[in-house]
Each structure stands twice: as C-alpha cells, then as structure tokens.
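Participant: Protein chains in written order, with my numbering: chain C, 3 to 206; chain H, 525 to 605.
These aren't lab readings, by the way, just hints derived from the structure by calculation. Where hints are given, some of them may not hold.
If you anchor each label on the Cβ, the simulated ranges turn out as follows [unchecked claim]:
| # | chain 1 | residue 1 | chain 2 | residue 2 | range |
| --- | --- | --- | --- | --- | --- |
| 1 | H | GLU605 | C | ASP120 | 45 to 53 Å |
| 2 | H | GLU556 | C | GLU49 | 26 to 34 Å |
| 3 | H | SER555 | C | SER48 | 39 to 47 Å |
| 4 | C | GLN71 | H | ARG550 | 17 to 25 Å |
Partner residues are not named here, just some residues of chain C that face chain H (Cβ under 7 Å, in silico) [what the hints assert, rightly or not]:
| # | residue |
| --- | --- |
| 5 | ARG38 |
| 6 | ILE39 |
| 7 | SER74 |
| 8 | PHE89 |
| 9 | LYS95 |
Positions of the beta carbon are idealized from the N, C-alpha and C atoms, including for glycine.
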Amino acid sequence: MTHTEINWPAALRATDAAEQGVAVRALRDVLQNGLRIALNGRGGVSEAHLEDFAQESLLRVLDRLDQFQGRSKFTTWAQAIALNVAFTELRRKRWQDVSLDALMADGERLTDPAMIPDDVLGADEDRTRLVVALRHAIENGLTPKQRAAMLGELREIPFDQIVELLGSSRSAAYKMLHDARRALKQRLHEAGITGADIQNAFNL
Amino acid sequence: MKPEDQRLSSEQVGSIVKMLGLTRDREFNCSECLQHVGEFAECQLTGKPVDEVIASVEQHLALCPECREEFEALLKILKSE
Chain C
3 MTHTEINWPA
13 ALRATDAAEQ
23 GVAVRALRDV
33 LQNGLRIALN
43 GRGGVSEAHL
53 EDFAQESLLR
63 VLDRLDQFQG
73 RSKFTTWAQA
83 IALNVAFTEL
93 RRKRWQDVSL
103 DALMADGERL
113 TDPAMIPDDV
123 LGADEDRTRL
133 VVALRHAIEN
143 GLTPKQRAAM
153 LGELREIPFD
163 QIVELLGSSR
173 SAAYKMLHDA
183 RRALKQRLHE
193 AGITGADIQN
203 AFNL
Chain H
525 MKPEDQRLSS
535 EQVGSIVKML
545 GLTRDREFNC
555 SECLQHVGEF
565 AECQLTGKPV
575 DEVIASVEQH
585 LALCPECREE
595 FEALLKILKS
605 E
C-alpha cells in the first residue's frame with residue numbers, strides 16, 4: 003500500500019501494536035523524505051539532523067492527531083508540522099547567543115532619529131511625514147517589550163527565540179506584536195495617515 | 525554593533541509600514557496558520573478556491589517571514605510528489 007492510500011489517522015490510532023508500528027514507521031519515512039527535499043542544499047544539515055527532525059516531528063504529529071480536521075491531505079498537514087519543527091531548530095541555533103538585555107536596549111533605540119532617519123523612505127514630504135509620525139508612534143504608543151519584539155523581528159531574530167527571551171508564550175507574543183501593530187496604525191491614523199494612504203504609497 | 529549598523533534600512537522601515545497597511549483587527553497567529561497552511565498550499569497548487577479560513581492564512585503569510593519560509597518549503601515538497 004502506498005502512503006497516499008493509507009487512512010493515516012486510523013492507522014496511527016490502531017489498537018493492534020503491529021499495525022500501528024507499521025504506520026508510525028511509514029509516516030516517519032514520509033516526513034524524513036520531505037525534509038530531505040525541503041532542506042536540500044542548506045548548509046549544516048546532515049542525514050543525522052534529518053533523522054532527529056523526523057523523529058521529533060513524528061512525536062509532535064502523534065500528539066496533535068486530534069487537531070487534524072481533514073481539510074488537507076494528512077501527509078500535507080504532517081509535513082507542515084515537520085517543517086515547523088526543523089526550521090525552528092535551525093533558526094534557534096543561528097541566534098542562540100542573543101540576550102534579552104541586548105534585545106531590550108536595541109528596542110529602546112527605535113525612537114532615536116539616528117536609528118530611523120526622517121528621509122529613510124525618501125526625501126519627499128509625504129514619506130518624511132510618515133516616518134516622523136511612525137517614530138513618534140513607536141515612542142508613545144508601544145511598551146518597551148513591544149519595541150524590543152518588533153525590532154527583533156526586523157533583525158530577523160526567530161520568533162521562537164524572541165518568545166523565549168521575553169519569557170512569553172507564542173500566542174501571547176504574537177498577540178503583543180499584533181496589538182503593537184494595531185496601536186501604531188491607530189497613532190498614524192490620529193496623525194492623519196490612514197491604512198489606505200499606506201497601501202497606496204506602497205502599492206499593497 | 526557599530527552605530528551605522530544599528531540604523532534601520534529603508535527596507536526595514538518600509539516593512540514596518542507595509543505590515544501596518546496589512547494589519548487587521550482579527551488575524552491568525554502562527555499556530556493557527558500552521559494548522560491550515562497545508563490546505564492553503566494544496567489550494568495554491570490545484571487552483572481550488574479559497575474560503576475565509578484560507579484567506580486568513582494568506583494574510584498571515586504576508587506578515588510573517590518565518591511562516592512564509594516554511595510554506596515555501598512545503599510547496600517544494602508537494603511539487604516533488
């Protein structure tokens with residue numbers, strides 16, 4: 003039987019240990035093969051890494067079986083989880099030396115005109131007005147943690163690393179950043195700059 | 525880090541502004557995106573119409589570079605099948 007013909011949720015929940023074992027091993031192979039394709043050509047990823055990622059992913063998928071809603075193929079859903087496991091780990095290794103103090107200090111500099119010069123988006127009046135309003139909004143509308151998290155994202159620090167540094171959860175940190183964007187948008191609106199103005203300026 | 529390295533680039537400031545332009549009152553977070561990104565990827569490859577849930581995935585991917593990186597990797601796998 004090919005993997006596309008397997009009723010994965012049923013097979014992975016099988017009460018017969020042998021039957022379940024076959025499904026578990028088959029899924030691990032599917033995940034590992036997918037990761038090999040996705041990460042092909044990426045430096046520093048060995049076959050041993052792929053095995054570790056696949057094993058960790060398998061456990062994550064089994065733990066979340068009840069969340070599979072059948073809106074996609076099971077293997078597509080499981081591959082998405084495997085990619086999240088692998089990329090999270092790879093990003094963490096790259097940024098493991100960043101400290102909370104450095105992130106918070108960097109965030110505080112976001113209000114400094116030297117950090118965001120008035121003409122950074124161009125010297126025309128509309129864009130200069132937008133940048134000045136944005137800097138004021140960052141200074142007056144955000145908390146220090148929101149500034150730090152936003153700058154961390156701009157520095158391309160992995161979101162999971164930011165979450166860990168802030169001692170938060172993924173959901174809470176995403177909400178904090180979402181609230182920060184909404185607060186900035188509101189401040190810009192109060193300064194006479196609407197979402198439509200932004201979309202027009204950047205052809206969104 | 526040198527002061528000149530700390531300064532944000534026009535791309536970085538532009539990305540803040542663009543994110544504000546895309547911000548909605550109700551959005552998927554990364555976990556919600558992960559739950560549905562497979563369906564979005566399959567829609568992309570088959571041309572199946574997107575519903576409200578899948579549109580929320582698309583909006584999240586426009587805002588989140590990490591989820592977008594994982595989505596592009598998923599497409600790579602699905603295209604190889």
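Participant: Would you mind marking each hint as holding or not holding in the structure?
Facilitator: Now for the hints, and whether the structure bears them out:
Look at H:GLU605 against C:ASP120: about 51 Å separates their beta carbons, and that is inside 45 to 53 Å. The hinted window of 26 to 34 Å between H:GLU556 and C:GLU49 holds, with their beta carbons roughly 33 Å apart. In this structure the supplied range 39 to 47 Å is violated for H:SER555 paired with C:SER48, their Cβ-Cβ distance being about 29 Å. Checking the proposed 17 to 25 Å range against C:GLN71 and H:ARG550 shows it holds: the Cβ atoms sit about 20 Å from each other.
At its closest, the beta carbon of C:ARG38 sits 9 Å from a beta carbon of chain H; the interface hint therefore is violated under the 7 Å criterion. Taking 7 Å as the C-beta cut-off, the interface hint given for C:ILE39 holds, the closest approach to chain H being about 5 Å. Given the 7 Å rule on beta carbons, the hint for C:SER74 holds: about 4 Å separates it from the nearest Cβ of chain H. A distance limit of 7 Å between C-beta atoms decides the matter here; for C:PHE89 the minimum to chain H is near 5 Å, and the interface restraint holds.
The beta carbon of C:LYS95 comes no nearer than 15 Å to any beta carbon in chain H, farther than 7 Å, and the hint placing it at the interface is violated.
In summary, the numbered hints that this structure violates are 3, 5 and 9.
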